[in-house]
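From first to last, the protein sequence lines are chains A and B.
Residue 1 is where the first sequence starts when you use the numbering used here, and the numbers rise one by one after that.
Residue 1 is where the second sequence starts when you use the numbering used here, and the numbers rise one by one after that.
Hints are computed from structural coordinates only; laboratory data are not their basis.
Every value quoted in this text rests on a predicted model; they were computed, and no experiment measured them.
Don't take each hint at face value.
[As the list claims (entries may be wrong)] Cβ pair distances, simulated, as ranges: (1) Ser236(B) to Gly383(A): 57 to 63 Å; (2) Glu208(A) to Ile261(B): 42 to 48 Å; (3) Gln270(A) to Asp134(B): 24 to 30 Å; (4) Glu244(A) to Ser310(B): 32 to 38 Å.
[As the list claims (entries may be wrong)] One side of the interface only, derived from the structure: several residues of chain A facing chain B at Cβ under 8 Å: (5) Ser121; (6) Ile126; (7) Ala290; (8) Met293; (9) Gly316; (10) Ser317; (11) Ile326; (12) Gly329; (13) Ser331; (14) Cys333; (15) Gly334.
Where is the CB? At the ideal position from N, CA and C, for every residue including glycine.
Listed below, chain by chain, are the residues.
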Amino acid sequence: MPSSELVMDNKNASSTAGKIIRCRAAISRIPGKPLVMEEIEVDPPKAGEVRIKILCTSLCHSDVTFWRSTQPPMAVFPRILGHEAVGVVESVGGGVEEVREGDLVLPVFQGDCGECRDCKSPKSNICSKFVNKDNQSMPRDGTNRFRDLKGEVIHNVLNVSSFTQYTVVDVTHVVKITPDIPLDIACLLSCGVSTGLGAAWKVAEVEEGSTVAIFGLGAVGLSVAEGARIRGATRIIGVDLNPEKFETGKKFGITDFINPATCGDKTVSQVIKEMTDGGADYCFECIGLASVMNDAFNSSREGWGKTVILGVEMHGSPISLNSIEILKGRSVCGTFFGGLKPKSDIATLAQKYLDKELNLDEFITHEVSFHDINKAFDLLLEGKSLRCVIWIDKQN
Amino acid sequence: MDIEKPSNKTAGKPIQCRAAIATAPGEPLVIDEVIVDPPNSHEVRVRIICTSLCHSDVTFWKMKDFPAVFPRILGHEAIGVVESVGENVDGVVEGDVVIPHFLADCTECVGCRSKKGNLCSAFPFKISPWMPRDQTSRFKDLRGETIHHFVSVSSFSEYTVLDIAHVVKVDPTVPPNRACLLSCGVSTGVGAAWRTANVEVGSTVVIFGLGSIGLAVAEGARLCGATRIIGVDVISEKFEIGKRFGVTEFVNSKNCGDKSIIIDMTDGGADYCFECVGLASLVQEAYACCRKGWGKTIVLGVDQPGSQLSLSSFEVLHSGKILMGSLFGGLKAKSDIPILLKRYMDKELELDKFVTHEMKFEEINSAFDLLIKGKCLRCVIWMGE
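Model the full structure from these sequences, guided by the hints.
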C-alpha cells in the first residue's frame, strides 16, 4: 500500500513517484453551488496512466453544464471538474513511454490511442480504444484515483479533472506540448479554441469567399470565427444575445452581428436568409441548446448548406429538422474537439501560434488564483469573460 | 386532328391529343382529349415517346390536400421528341430527342454554377401546378377548364410543354424505354451513391427500402466499388431481386426489428446508410445504423410535407455522424443525365433490369396497381401509335 505524502511544493517531485499524493482540489459537491477547496488524496498512476501536476487551467462552459446538472448522466457528485489545462508530468504508470517525468503536457478530453480503427482513419477523431467511458472514472478500468480525506471517492470529468493540483489521466488523453508556448495559451488548446478552429478547418472546411453564421460568441464560437477568417470567409455573421459580443467579435473576424432579441417579428433564420440571399454556406452552433441548433440548420443555404453542432445540449432536448429542408441538399453533423486528432493536431496549432498565424491572446480575458476559482464561474455566467485562466502553480 | 406530321404543321397551334388525367385523389386516371397550347418563350413542346411511373407520382395522386391539386396531368419520368420550340430557345430544335427533368438546371444561376450542389436558384424546386416561368398552364380540357401541371413535366400525355430549364437533349439512338428511367428514379439512386455520398471503393453500404430508388442506389454503389451492399426491407422477395442489383446481404426488418443486427454485422455500423422510403422514423433508424466517426446517412425518400426528423443532440455531438439529403441524387441534369446515358451505352450502368413491365398508354392504371402492390419496379408506358 503506497504511503501518503503531503505535497507542499514540488522541489522533490520525483520523490512522490509511486506514492499517494495529498494536495488541494476544488470540489463540486452540490449542483450549481460554489466549489469547495479541500485536501484530497491522489493515487499514483496505474499502467497506461500519467499523474500530472497542473500548472494552470481554464473554465469551459461544458464544465458549467456538468456543474449545474441535476439529472444523470450529466449529474455526478462529488466531482473534480475542469478539462482545459496544462501541466507537468509528475510520474507515469507501467508501460508508458511516450511521456516522462518533467514533460510539459496537455490533458485532453478527446482520446487518441493511435491504434484503433478510428485513430488510424483520417476521417474520424473518435478514438474507440475504450468503449465503456462513463465520464466519471478512469477509462481503462472504471475505477477512480481521487478520494477525499474521509475516504469517499471523488469522480472525475471527461477523463481529465483539472481543478486540482494533481490529476491522473490515461496516456491516450495526454499530449506533449512545446515549452516555447506561454502556459496560459497552451491550456486553451486543450479544448475550446482547438474545437472551434478544427470545426472551421477540418469539419466544415470553410473555403475562401464563404458565408458563415456562428450561433454563440463565447470562446468556442469566436475560435470558429478566427478559423473562418483565416480561411478567407467573406462574411462571418455572429449571433448572440449579448450586444457587447459584437465589439469583442470584431477582433476575431465577425463582420455582421445579430441579436435575436432585436429581430422583431422575424426569426433569426429569416434575417440570416435575407442578408445572405438564401442562407449561409456554413452554420455553427456553439452554445448547447436544441432550439438554437434548429435555428442554425434553418439558416443554412439549400443546395449545400452545412450545419456543424459543437455545443453540448444542456437539457437533453432533441434536434428537430424539417425533412424537406434536409432533402434540399443540406447536411448536419456534430463534432468533438473540432474533428482534430489531439496528438498530431495540437502541435500544429501551437506552431501556428508561435509563427503568429493564429491570434489567441485575446481569448484570455481574466486570470485568478486557484483559491478564487469560483470567480471564474461568476465571470462566465455573467457573460463577462471568454477564458478566465486559473493559476494553480505559477512556477516555470 | 392529325397529331403530327413530318413537316411541322402543328407549330404555333394548339394540339389536341390524349392525356391520362388525375381527377380526384386516389381515383383511376381518366384518359381523355386535352388541348396543349404551343410553347411560350423559353419553352418547348414535346411528343412523349414513353414514360414510367415513379412512386412520387403515386404520392401526389393519393394526396387530398395542397400541394396535391386536381385535375392534374401527373408523370415526370419520360423521354420525347421536340415537336416545336418557343422563342429564346437555344440548343434544342424540333426533332431533337429530349429527357425532361423535374429538377431545374438553368446552368446560369448561383446554384447551377456552384460545384457543391444541384439546386437551381432561378427555378427552385416545388410541387407546382404551373409552368415555372409564368405560373400558368398549357393544358385545357375540351370544355376549356384548366388542367394542372406536375413538377414542370406532366408526362402522362401524348404532348407536353416543358421549360428549357427542365429539358436535356440526348443521343437519339438510345433505347427510349431505358433512357426514360434516367429522368428521375434511377438517376436519383445512382446519383445519391455517386455524387451525394461519394461512396468509395471498399465501402459498406446499407440501403433502407429496396424499391427502384433503393435498387438504383445499390447499382450506383456497385459502380462505385462498394464491397458490401446490405439491403433492408420488409418483403423477403426483395432479396432475390436485389442480388441482381448488387445487394450482397439482406435484412428483413420485420423479423429482426432491432437495428443492432445491422450494427453487429457491420462491426460498428455502415460507412453509408441510404433511406429510400420516405419515413422520418426510418431515417432515424438509418442514422443509428451508420458508423460513428465518419458514417453518413443520406435521405432520399420524401415524407409528408411538414414531417420532422428528431435526433438526439447527445448522439449528434458524440457520434460525429453526418446526416444529409439530396434531390435527384445531387445530379445536375443537363450534364449528368448524358453521362449516365453514355455509361449505359458503354454497358457499365445496367438499366434493363429496372424495367419489369411495359404497356400501352391505355393500360396506365394497371401501372399504378402494380406499383402500389409492390409487384413491379419500373413500368414503362408507351405513348402514341
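Now for the hints, and whether the structure bears them out:
1. The given range of 57 to 63 Å is respected by serine 236(B) and glycine 383(A), whose C-beta atoms sit roughly 59 Å from each other.
2. The beta-carbon spacing between glutamate 208(A) and isoleucine 261(B), approximately 45 Å, falls within the hinted interval of 42 to 48 Å.
3. Evaluation of the 24 to 30 Å hint for glutamine 270(A) and aspartate 134(B) yields a pass: the beta carbon distance comes to about 27 Å.
4. Hint check: glutamate 244(A) to serine 310(B), Cβ distance near 35 Å, so the stated range 32 to 38 Å holds.
5. A hinted interface residue such as serine 121(A) counts as satisfied when its beta carbon comes closer than 8 Å to some beta carbon of chain B; here the least separation is about 7 Å, so the hint holds.
6. Annotation: isoleucine 126(A) was flagged as interfacial toward chain B, and the flag holds, the nearest CB pair being 5 Å apart, inside 8 Å.
7. Hint status for alanine 290(A): holds, given a least beta-carbon distance of 5 Å to chain B, under 8 Å.
8. Hint on methionine 293(A) holds. Least Cβ distance to chain B is approximately 6 Å, under the 8 Å limit.
9. Satisfaction of the interface hint for glycine 316(A) is found here, the shortest Cβ-Cβ separation to chain B being roughly 7 Å, below the 8 Å cut-off.
10. Annotation: serine 317(A) was flagged as interfacial toward chain B, and the flag holds, the nearest CB pair being 7 Å apart, inside 8 Å.
11. Hint status for isoleucine 326(A): holds, given a least beta-carbon distance of 4 Å to chain B, under 8 Å.
12. Hint status for glycine 329(A): holds, given a least beta-carbon distance of 5 Å to chain B, under 8 Å.
13. Because the closest C-beta pair between serine 331(A) and chain B is about 4 Å apart, less than 8 Å, the hint holds.
14. Checking cysteine 333(A) against chain B: minimum C-beta separation of about 4 Å stays under 8 Å; hint holds.
15. Taking 8 Å as the C-beta contact cut-off toward chain B, the hint placing glycine 334(A) at the interface holds, the least distance being around 4 Å.
Taken one by one, the earlier hints all hold for this structure without exception.
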